[in-house]
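> Assembling the complex is the task here: the two chains are given apart, and the hints tell you how they should meet.
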Amino acid sequence: MTAQLSFEAVGTHRYRIGRHGRMRVDAVFYASPAVLAVLEQENYQSLTQLVNVASLPGIVEPALAMPDIHWGYGFPIGGVAAFDPAAGGVVSPGGVGYDINCGVRLLASALDEADLSPHAERLADALFRRVPAGVGSRRQAERLRPDELKRVLAEGAAFMVARGHGEPADLAHTESGGRLPDADPDALSPRAIERGLPQLGSLGSGNHFLEVQVVDTVYDPVAADAMGLTTGTVTVLIHTGSRGLGHQVCSDYVERFLDAAPRYGIELPDRQLAAAPAGSPDGRAYLSAMAAAANFAFANRQRLTASVREAFEDVGFAPREHGLRVVYDLAHNNAKREEHGGRHLLVHRKGATRAFGPGHAELPAAYRGVGQPVFVPGDMGRYSYVLVGTEGAMTQTFGSSCHGAGRRLSRHQARKEARHRDLLAELDALGVVVRAASRATVAEEMPEAYKDVADVVDTVHAAGIGRKVARLRPRLVIKG
Amino acid sequence: MARAAVQPLDHTGDVGFTLRARDLSALFEVAGTALVAELMASPPRDPDPTSEAGAEGDTELDLRADSLDRLLLRWLDELVYLVQTRGRVPVRATPRVTPPAQPHGVWRLEARVRTARFDPDAHAWRTEVKGVTYHGLEVRRTARGWRARVILDV
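Which chain is which? The protein sequence lines are P and C, in order.
Residue numbers are given in my numbering: position 228 of the first sequence equals residue 228, and the series is strictly consecutive.
To convert, count from 1 in the second sequence and add 1000; that's my numbering.
For reference, chain C alone in the conformation it holds in the complex (with noise of 0.2 angstroms):
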């Protein structure tokens, strides 16, 4: 996994976090791999991590927003849905962030995320996430990378 960080942030009523990683393709990943802790309290390992080849739980995503803010809202949302509505568990993405090719266009996130078969009694709900907020939502540069932080409404 690359270098980041997750840290919980402690809102009272919901669950957020922030997180760092020292590039945009980094922190979406580890963005994916905090809210997937947060769903279970022993998730999933990708049974094949050297392996590039496509596989059957792989799903492809392509996502654009007019915001970056907005692109990991977007792409945190694909991951609870494919979670809890698809039974799927992320095991594996690596996003790949495009950022827009002039002023006021799209970011593009492409990913492929390879997922498994969610599995209650091995994995263990911790919680269901009703949505990710708007509320708080932001990800900016630093001086050693990128910064986001990010409120689940649970």
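In isolation and in its complexed conformation, chain P is listed as follows (with noise of 0.2 angstroms):
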């Protein structure tokens, strides 16, 4: 550690900055062995944005970072900061990101590997075409009137249901069933319209994919069983979020934010840090469009799923045989108001997932005994993971886990060293099939690109913030 940031272990894979400088309150991160060798290298610089999140106003002790912490633009990536408006508390767009309610989705379905395996290359075809991959990806044949987007803006998934685009079970096992409430589509500008209209139902590019994938193997028998996962089950994993939609509003609100707070006499260690009161005429206006945001994700997952449904039924299963459902949806870049030892808090979660745990009132009735489901995808040629959230994240993390792996190698590196290698082919060979819009972004995307995400989560479950469920191993990947 360096001399001017200095850190101490409080508990399995916890750690505490001790409240120095301008923090407000103590910062805590979780990190392996792994993870803090690599925290090191990067000269703390994470850590370091960490301990900028823990000077704004109103912040609730401790500021948090998830063991996939990483080096982001204002926040860390896996920061976890939550705010009390009463006290004057603050909504930061930034601590939010660009890609608002950027989340994962998980479909089970009623098959097993040997059901898949012949019909593996057409159905990653069928999923190729109907899912509009890649970057300013669209869906120009249902592009949205104005006044059926501002409706998507402020219904959310539910819209695309009514529209015949899935079932109402879908948004039952959806945060927040699909919808967050205070959205005005109002609050947000000509260009954010704009640049949505034409995308809702597409997954994007970057990190953004969806994965058919395998489970391999289950360590909670009981949780498993209340998400209809057994070893062999076909599931589905969709990750994407707002699109650009939700980054303009980003871009929109830190612009009018880095004006406001001086006038609210907050004083930024980092401008993309941007912040003013949530109680204020600018914070509730960004929450408002936030929001809207998040329906438009939330709705955008929701089109997708119906696309996965329809590129099965394309390959000659029946509804009644793919049996698709929606396990759980969750998002992992928001604000969200909660209720933590009886307070009322603005949860802002940054490449972090809200993870509540065994009987709270939000779950659905079906994990309301075993915790909120947690997908924490990992990369293309390994695994991703399903846990459940815990009593200790509730207590520890205002009810919150990781999201991810977390990179390893920048995006330049993984290209230069994927420049002489024929990566589909290696992870052919590794029974993953892929479709791409792109060959940069498999280069981009390449599985040594990511850190093991088996040591994410092995920390979140040795530090009781998580638990884990289940593997799945990828066998068809849809990327932008």
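One thing to keep in mind: the hints can contain errors.
What the hints assert, rightly or not - Looking from chain C toward chain P, a few residues come up when the C-beta cut is under 8 angstroms (computed):
#1 1012
#2 1013
#3 1015
#4 1018
#5 1130
#6 1134
#7 1135
#8 1151
#9 1154
Said to hold, decoys possible - Examples of chain C residues toward chain P, derived with CB under 7 angstroms:
#10 1086
#11 1122
#12 1123
#13 1125
Read the hints as simulated data drawn from the structure, not as lab findings.
Cβ coordinates follow ideal geometry from the N, Cα and C atoms, glycine included.
Listed below in structure tokens is the structure:
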């Protein structure tokens, strides 16, 4: 650790940075020995970002980072920060990120690997045809009218279900029912609306993906059973968010809050942390716009769910055969009003997942006994994990857990390493069929570009802020 | 193109670059070129580089900001919008940057941006930019001209 930044172990994989300088509260982060080594290599820049977050007004102790922490812009990725609006607590658009309500949705099927294998190539083609993927991807034939988009922003995933793109049961297994309240479409700029109109039901690019997977290990049979997962079950994991609409909302409000922050006497250690009191007119406007963008993201994943069902039917699986149903849909970039310890807080999660423990009233009945499902994507060559939230998460991390593996290589490094390799053939040899809109994306997203997600998940499990349920092995990957 | 240099920044999570140029207009021009090179593998070229006349694909921009680095962010934001939302790729830009007339005044950028229609097969998308960030954003004068640093959320 540097002279300026010291920390101490305060539990299993749990470390504390004591309040110092402009920090208003202590900061706590979770790390395995491997993660500690990476933090040191990057000269603790992501921990410095965590310290900056701890200096924002109205933050409630502690500022947190999950074990997939890495250097972001403003907030570290993996950051969790709760603010008390009644005590001047702020909201920060940069603390939510550009991809508002980016998240993952897991579908479970009634098929097993033996059913899937003969159709794998054709199913990959059908999914790639049905799911618009890639930079600026859009669903031109279903382009919404502006009045329809406003309904999406207000109603979220329910709008898509009402249009026949899903079932009411899908909504019951979506975080917040697939709709955040207080959304105001008029809080969005014309440019945000313009960017959103053609993009509903598209995957996008970068680390977004759609995977068909197989459950290869079950660690917690009771929780797995509650989710309908057994060894061999075919699942589908969808990772995307609010597309250009959400990106524009973030850009617009970072600009607005940079001008607003001085009016509220807020000193910013990093301009990307631009913030305003959550209860102020600026704060309320952002939260209304953010909720609208979040609803767009829920609707986006709902529309993609319908595309997945259609693709399975294209290759001959009748709806009753594939039985695709939503296990859960969760977000890992947002700010949500939640009650913790009797206080009404605004919890920012940037690259972190809500992970409520058993018994929480917001959980669907199927999961109230085991805790909230948490999905942690790894990389396209190895595995992803299913966890559940725990009571430990409720007491330690405002009901939060990790969201992914975290990158090991920069995109430039990954492209360089991939230059003389045939990644598609390598993945094929691992039993993974890939369809991608861009070869560059496959290079940037190659398995070695990511840390081993098993290390992150084991850290979460050992620290008690999540519990391992099952591991998913990729078979088909659709990338932008 | 103006004499300038682009150096990628190895930011693990996102993409960034440092830029150097002898004057501000060249710095903004090379920032645009670096952005387009990040967005696609084979950007289109200006089909008529000697022509000064206005063309169908020209867009006029007039941007203002209270600081130079904020002006750079707004310039790049506009180019991201042109490419990712309008499907128009800048092939030539001649930004003119004007300093404030008085202390605490506004910086101004005027530019005619010539664009070509994006062709996914020919130009090959590489990256989707979610936003141009303020994190680490910097524009400063050096002994040899100007230097800037930009980090993009991708």
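> Next, verify each hint and record whether it holds.
Status of each hint after checking the structure:
1. 1012: holds, 5 angstroms
2. 1013: For residue 1013(C), the interface hint holds, since the closest Cβ of chain P sits about 5 angstroms away, which is under 8 angstroms.
3. 1015: holds, 6 angstroms
4. 1018: violated, 13 angstroms
5. 1130: holds, 4 angstroms
6. 1134: holds, 4 angstroms
7. 1135: holds, 3 angstroms
8. 1151: Constraint on residue 1151(C) satisfied, holds at 6 angstroms.
9. 1154: Interface hint status for residue 1154(C): holds (6 angstroms vs cutoff 8 angstroms).
10. 1086: Since chain P brings no Cβ nearer than about 9 angstroms to residue 1086(C), farther than 7 angstroms, the hint is violated.
11. 1122: The hint is violated - residue 1122(C) has no Cβ within 7 angstroms of chain P, the shortest such distance being about 13 angstroms.
12. 1123: violated, 10 angstroms
13. 1125: Holds. Min distance 4 angstroms.
In summary, the structure is inconsistent with hints 4, 10, 11, 12 from the numbered list given earlier, while agreeing with the others.
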